[in-house]
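Residue numbers (our numbering), protein chains in the order written: chain D, 0 to 312; chain X, 0 to 312; chain P, 0 to 312; chain W, 0 to 312.
Hints in this document: simulated from the structure, not taken from any laboratory.
Since we're looking at a predicted model, the values are computed, not measured.
A virtual CB, placed ideally from N, CA and C, is assigned to each residue, including glycine.
It cannot be assumed that every hint is accurate.
30 Å max Cα-Cα, derived DSSO-like pairs, lysine-lysine [what the hints assert, rightly or not]:
| id | chain 1 | residue 1 | chain 2 | residue 2 |
| --- | --- | --- | --- | --- |
| 1 | P | K63 | P | K96 |
| 2 | D | K149 | X | K96 |
| 3 | W | K155 | X | K149 |
| 4 | X | K149 | W | K149 |
| 5 | P | K149 | P | K186 |
For the chain P half of the interface with chain W, some residues (derived, Cβ under 10 Å), not all of them [as the list claims (entries may be wrong)]:
| id | residue |
| --- | --- |
| 6 | Y62 |
| 7 | H147 |
| 8 | E259 |
| 9 | Q287 |
4 protein chains.
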Amino acid sequence: MMINNNNLTDRLRGIIPPMVTPLEDRETIDVEGLERLIEHILAGSVSGLFILGTTGEAPGLSYKLRHEVIERTCLQVDQRVPVLVGITDTSFTESVKIAHHAADAGVDAVVLSAPYYFPAGQRELLSYVRNIAAELPLPLFLYNMPSHTKMTFGPKVVRRAMELPNVLGLKDSSGNMVYFHEMQQLKEEREDWMLLMGPEELLADAVLSGCDGGISGGANLCPRLYVDLYEAARDRDLVRTRELHRRVMEISTTIYAVGEPPSAFLKGLKCALSCLGICSDVMTEPFQRFMPSDRERIREHLVELGLLEGASL
Amino acid sequence: MMINNNNLTDRLRGIIPPMVTPLEDRETIDVEGLERLIEHILAGSVSGLFILGTTGEAPGLSYKLRHEVIERTCLQVDQRVPVLVGITDTSFTESVKIAHHAADAGVDAVVLSAPYYFPAGQRELLSYVRNIAAELPLPLFLYNMPSHTKMTFGPKVVRRAMELPNVLGLKDSSGNMVYFHEMQQLKEEREDWMLLMGPEELLADAVLSGCDGGISGGANLCPRLYVDLYEAARDRDLVRTRELHRRVMEISTTIYAVGEPPSAFLKGLKCALSCLGICSDVMTEPFQRFMPSDRERIREHLVELGLLEGASL
Amino acid sequence: MMINNNNLTDRLRGIIPPMVTPLEDRETIDVEGLERLIEHILAGSVSGLFILGTTGEAPGLSYKLRHEVIERTCLQVDQRVPVLVGITDTSFTESVKIAHHAADAGVDAVVLSAPYYFPAGQRELLSYVRNIAAELPLPLFLYNMPSHTKMTFGPKVVRRAMELPNVLGLKDSSGNMVYFHEMQQLKEEREDWMLLMGPEELLADAVLSGCDGGISGGANLCPRLYVDLYEAARDRDLVRTRELHRRVMEISTTIYAVGEPPSAFLKGLKCALSCLGICSDVMTEPFQRFMPSDRERIREHLVELGLLEGASL
Amino acid sequence: MMINNNNLTDRLRGIIPPMVTPLEDRETIDVEGLERLIEHILAGSVSGLFILGTTGEAPGLSYKLRHEVIERTCLQVDQRVPVLVGITDTSFTESVKIAHHAADAGVDAVVLSAPYYFPAGQRELLSYVRNIAAELPLPLFLYNMPSHTKMTFGPKVVRRAMELPNVLGLKDSSGNMVYFHEMQQLKEEREDWMLLMGPEELLADAVLSGCDGGISGGANLCPRLYVDLYEAARDRDLVRTRELHRRVMEISTTIYAVGEPPSAFLKGLKCALSCLGICSDVMTEPFQRFMPSDRERIREHLVELGLLEGASL
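Please model the entire structure based on the sequences and the hints provided.
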């Protein structure tokens with residue numbers, strides 16, 4: 000068991016894009032878009048693929064659609080990289096159900112944040128992690144996402160969760176680097192424990208200080224950029240790290256800054272993928288794709304960033 | 000259509016307890032407890048029953064269990080009072096599905112808060128309400144619950160939602176009386192629009208200032224108290240209103256104050272119902288029922304409040 | 000001592016407007032405006048005058064100006080009503096100093112919120128109250144204002160503060176009616192303890208449920224309205240209470256809604272006073288008075304509200 | 000003017016400790032402690048000294064004491080390093096006054112956060128910065144401290160403030176590294192613009208990504224450690240940077256973790272300085288120095304960290 004886990008965490012080190020979910024409409028996957036997007040991402044030498052996370056709009060999808068996304072992704076990826084599936088849910092049973100569905104489809108690990116309607120205390124969060132880890136058919140990554148779940152996996156909860164052999168690591172999307180550095184202190188207590196950075200703006204800092212990689216949303220758009228940044232930071236090439244980090248910041252302050260936070264990131268990303276002809280920009284309710292004027296701004300930013308040819312404007 | 004709505008809102012005026020969901024374990028309803036609880040509540044002359052709300056721990060229940068709660072409740076209530084069902088969900092499709100299920104079971108109206116994982120803006124919230132109202136087979140009440148959903152139904156959204164004939168009213172659980180008074184100003188613009196107060200500590204204020212009733216969690220425990228308070232305030236009997244309100248505050252500062260907020264309310268309520276022999280106190284994950292020491296404090300409070308005989312201690 | 004306190008609290012029952020501070024410029028009081036404003040307010044049969052509070056922009060004034068406001072106000076009021084002075088400060092010593100200055104000028108009591116730069120815990124807050132109460136030459140009212148101070152006077156702190164004879168009561172500006180009702184429960188433990196409501200939108204609720212009055216900002220503008228509302232609610236005239244409360248809500252949703260919160264209230268109020276010719280609308284930094292377009296909207300609202308003749312437009 | 004500024008910013012690059020204020024009691028400076036502390040800090044090769052900031056408890060000191068701290072510090076430092084003085088205040092006039100006092104005493108620059116009682120909007124914040132910069136006799140650093148001031152110097156405000164020649168840079172204590180990286184993008188627009196990191200846990204990240212230094216509270220305790228970390232990161236020695244960063248994290252998760260946040264940092268720091276015999280641990284109200292049991296935990300941590308000999312226990 001330990002050995003298998005080590006293998007998985009070794010393979011996952013690097014960039015694991017949190018894939019957006021291409022949709023034709025509320026109940027229909029944009030199947031061709033999904034396949035194109037997967038090929039676009041895998042061409043960038045990523046280490047894994049994370050589906051049905053926040054960027055994948057999982058909570059907005061029906062269970063039927065979530066199942067379909069799992070199956071189609073596994074088929075298309077065809078074991079070229081490990082696939083991770085988000086199973087965060089307000090219902091314990093539904094989380095376990097989707098994990099079993101994922102295991103049947105050939106998924107490699109699941110990712111779980113706190114149940115997010117009714118905030119609980121730290122002791123309850125720990126007991127929840129223990130109870131659910133005992134029922135899951137796949138290895139588990141914890142996912143710290145306090146802005147959306149109203150709960151933080153505090154240091155004490157993480158330390159105890161590290162004692163569970165099928166919990167393999169933590170993805171931190173808090174944006175709180177002080178917390179992240181505490182997590183890096185904890186990481187030293189277990190050799191195969193993975194620590195992954197969520198916000199791509201903090202990827203360089205995180206890898207330079209020793210973390211294992213990033214779940215970078217922008218890697219839907221330019222997977223190679225984030226893989227290059229990860230490798231430069233891992234290899235301690237500070238000049239190149241800064242140069243690539245600057246590029247990531249340019250994307251962040253243009254593509255993700257057109258709409259209103261906190262959904263601007265997601266809308267900008269889907270819109271950019273649509274402008275590049277990769278997949279549809281249909282969003283799950285209550286979100287709506289950008290209007291033509293905002294889409295035009297995204298196009299202009301893509302041209303400035305050199306990601307799209309300006310001639311077509 | 001309008002006439003039917005008016006009938007429903009007329010019947011609902013008063014106390015509509017948000018029923019807790021009695022559980023034997025994670026996937027099993029405490030059926031006898033559920034039936035006893037319904038009879039206990041209906042004996043208090045309430046105006047309706049609201050199931051699968053926040054107090055009903057709906058987000059923590061599997062869909063299978065939610066369906067079962069709907070069916071069993073409708074059977075037990077047998078049209079003695081209108082039944083309302085919470086359909087709040089992060090997935091549009093799942094909300095609509097459960098509404099159809101509720102309609103088939105004979106439910107009278109559904110209750111909807113904002114999708115609660117990824118906060119949206121006000122314009123998106125309005126378009127969401129319009130889109131879902133168009134797909135629902137039952138009349139709809141909006142449910143303002145910003146502490147859990149991170150979104151408020153702002154005055155502009157409510158004013159536009161009031162133009163939709165199958166949206167019948169608003170339940171406000173924000174605890175923000177300034178907002179509530181703004182909602183009361185709006186209420187004057189539509190005759191059959193219902194405005195209901197969530198937190199029972201504000202029931203007296205709300206009814207004295209003209210609202211239609213309350214979704215009071217404590218009415219699981221002592222339904223008659225809340226009905227009496229509603230009626231005293233409606234009838235402008237200020238002396239009696241204050242006396243009954245003081246009683247409500249005593250429950251609030253004892254039974255709901257044993258554990259840690261924000262789940263203390265829910266745990267205390269379920270524990271008290273269990274102490275009274277009405278139903279089980281099993282909670283949905285990540286919450287846990289009170290330990291014996293906290294349960295003992297609840298028992299003592301129930302004795303002090305005269306809700307339980309002290310001899311049994 | 001107790002007897003004197005009782006006299007003061009008896010006299011204060013009712014409306015105690017938190018006076019705005021009329022300014023000519025950053026370091027100059029609009030002296031004529033101040034005098035006109037005091038006369039305008041006293042003509043409304045208020046029970047007291049509270050200067051140098053949040054509405055008085057005290058933290059934005061230099062100490063020299065604060066001293067001048069105290070002296071000029073005491074001279075102008077000339078003991079017709081009790082004068083209260085805000086002494087909230089981040090520095091213990093400066094709070095005590097201004098209290099002594101106030102005592103010398105003939106002020107009747109001081110009002111103190113928590114030191115507001117660096118938030119403290121509840122135990123520290125209690126020890127702070129005890130320490131400062133021991134050094135003050137005047138009776139003290141506590142002032143709960145968590146939105147600005149980041150600290151709440153929790154029930155335990157208030158209960159212990161009630162044991163201090165020169166602490167006479169609490170003004171609650173939290174806007175949290177559940178908290179307020181807890182404070183009303185506590186009030187029963189000390190006969191001469193005063194409980195005063197801050198936000199005027201909650202004045203009717205608060206007085207109907209038994210509190211002693213309100214520190215209503217709008218009473219700068221129409222003192223008689225708030226006094227009438229207080230009296231109607233105190234006398235349990237519910238029909239009149241609702242009618243006057245509706246009027247208060249009309250002011251709140253027009254005059255206070257022109258700019259952006261949380262300063263909109265203050266700018267709208269000062270602008271309205273300026274439109275009525277009572278005093279200047281110069282604000283303390285970092286705030287700026289309304290531009291002509293916003294001022295025009297205030298004028299229009301004043302005309303609609305019947306507070307200004309339309310002909311002059 | 001520009002040339003002088005450049006000189007100052009060149010000299011300041013590195014670690015500028017935010018000095019604690021040693022007190023004997025509420026109104027008395029611990030003069031010997033202050034002198035010992037300054038010598039202790041300067042022995043660590045720091046680049047400057049920042050007094051009367053958050054760590055210096057400035058808002059809790061009377062103006063008389065603040066003046067005394069300025070004078071005594073300038074005398075003791077005697078131009079060995081530049082001295083910076085915090086002038087943040089809720090009153091514009093008091094900020095300007097203390098800046099003039101500082102200029103007279105020989106201070107090199109002042110540091111200003113937003114007025115912190117009544118939160119303002121971004122436009123008002125910009126106009127405030129412009130107005131006050133025009134009145135100051137010394138160069139100015141902005142200080143972003145949203146946890147205490149409730150206001151952020153947003154990118155647009157900073158960009159416009161960079162146009163003011165006597166505004167020299169920004170200290171960011173938000174702890175938000177995404178914001179900090181946006182500030183680093185802006186920094187490229189003005190050659191002599193300084194960007195300084197507040198929280199010491201983020202010093203390594205910040206310097207590795209190109210910022211100019213840190214205002215590290217822990218440099219009161221072990222100035223050399225922070226100077227070494229700054230230099231290692233500046234010189235891109237990643238191995239040494241990580242090693243020293245780990246040491247900083249050990250201090251952060253021990254010395255600053257004994258009490259309750261957010262004052263735990265400050266109490267732990269003053270207590271540690273007292274244990275080392277450098278200065279008194281008396282705090283400004285409403286804070287209290289640690290009780291013996293907490294002080295003992297600080298001693299133990301100091302021994303573990305090798306900062307204090309264990310024999311004396």
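Do the hints match the structure? See the list:
no., hint, verdict
1, K63(P) / K96(P), "12 Å, holds"
2, K149(D) / K96(X), "27 Å, holds"
3, K155(W) / K149(X), "27 Å, holds"
4, K149(X) / K149(W), "19 Å, holds"
5, K149(P) / K186(P), "24 Å, holds"
6, Y62, "7 Å, holds"
7, H147, "6 Å, holds"
8, E259, "6 Å, holds"
9, Q287, "6 Å, holds"
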